[in-house]
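Work out the full structure, taking the sequences as your base and the hints as a guide.
Protein sequence lines, in the order shown, are assigned to chains A and B. Converting from the first sequence to the numbering used here requires adding 7 to each position, the first position being numbered 1. Converting from the second sequence to the numbering used here requires adding 514 to each position, the first position being numbered 1.
The hints are simulated quantities; they were obtained by calculation from the structure and are not laboratory data. Incorrect hints may have been included.
[Claimed, not checked] Derived lysine-lysine pairs resembling DSS-like cross-links, with alpha carbons at most 30 angstroms apart:
hint, chain 1, residue 1, chain 2, residue 2
1, A, K64, B, K550
2, B, K623, B, K582
3, B, K570, B, K623
4, B, K584, A, K64
5, A, K77, A, K64
6, B, K550, A, K16
7, B, K570, B, K582
8, B, K581, B, K550
9, A, K78, B, K550
10, A, K64, A, K21
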Amino acid sequence: NAGVTQTPKFRVLKTGQSMTLLCAQDMNHEYMYWYRQDPGMGLRLIHYSVGEGTTAKGEVPDGYNVSRLKKQNFLLGLESAAPSQTSVYFCASSASGSSYEQYFGPGTRLTVT
Amino acid sequence: GEDVEQSLFLSVREGDSSVINCTYTDSSSTYLYWYKQEPGAGLQLLTYIFSNMDMKQDQRLTVLLNKKDKHLSLRIADTQTGDSAIYFCAEWYAGNMLTFGGGTRLMVKP
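Structure below.
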């Protein structure tokens, strides 16, 4: 069991470039989440999905898009990267909502210059 | 979103108890959580407490919940150097969302 994996681990982008972050989970979880972590601000939810083919906005969705075409994968896209999107991005998954534990990936460190 | 507040930093000596505090604002929270983040890693769930409980104990960890004051604390007994990490409290509220505090960095001195 690999749990939650994220690709890539590190990336440097120039302003205006696009990229896709990939999250994969092998636990057959229904729920998947994308967060960003900035110093002193904890984690903030970008988008989430409650099942294959569904997505919903979180707290800070602007500038990001997501897709959940397969249950095990959740993709986060940046169409036109901005320096304000420099952050560490974490993917998580859970069997369901509320009390079910969210399992986190190791993170992707993104720098936009 | 709702606000979850934590102090930034706590330093203790090995063998002492650590108490990490958290305040939250949403009185309708159903579950409250403590997560641990070690350097370069994602978050790991340590424990959680349902909102109708006052206390939960799990080995060296004790969680206290004061609903009236919207105050949550995590006590780590016999703190070890391996407990050095960032600790996040989080609350679950309607909308399938967890709201995280900013994290408390715990440093354990030998």
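To see whether the hints hold, each was checked on the structure:
1. A:K64 x B:K550: 25 angstroms, holds
2. B:K623 x B:K582: Since the Cα atoms of B:K623 and B:K582 sit roughly 34 angstroms apart, the hinted pair is violated (cutoff 30 angstroms).
3. B:K570 x B:K623: Holds. B:K570 to B:K623 sits at ~27 angstroms (cutoff 30 angstroms).
4. B:K584 x A:K64: 27 angstroms, holds
5. A:K77 x A:K64: 18 angstroms, holds
6. B:K550 x A:K16: 20 angstroms, holds
7. B:K570 x B:K582: Holds, because 17 angstroms separates the two Cα atoms, which is no more than 30 angstroms.
8. B:K581 x B:K550: 23 angstroms, holds
9. A:K78 x B:K550: Holds, at about 27 angstroms.
10. A:K64 x A:K21: Answer holds: A:K64 to A:K21 is near 26 angstroms, not above 30 angstroms.
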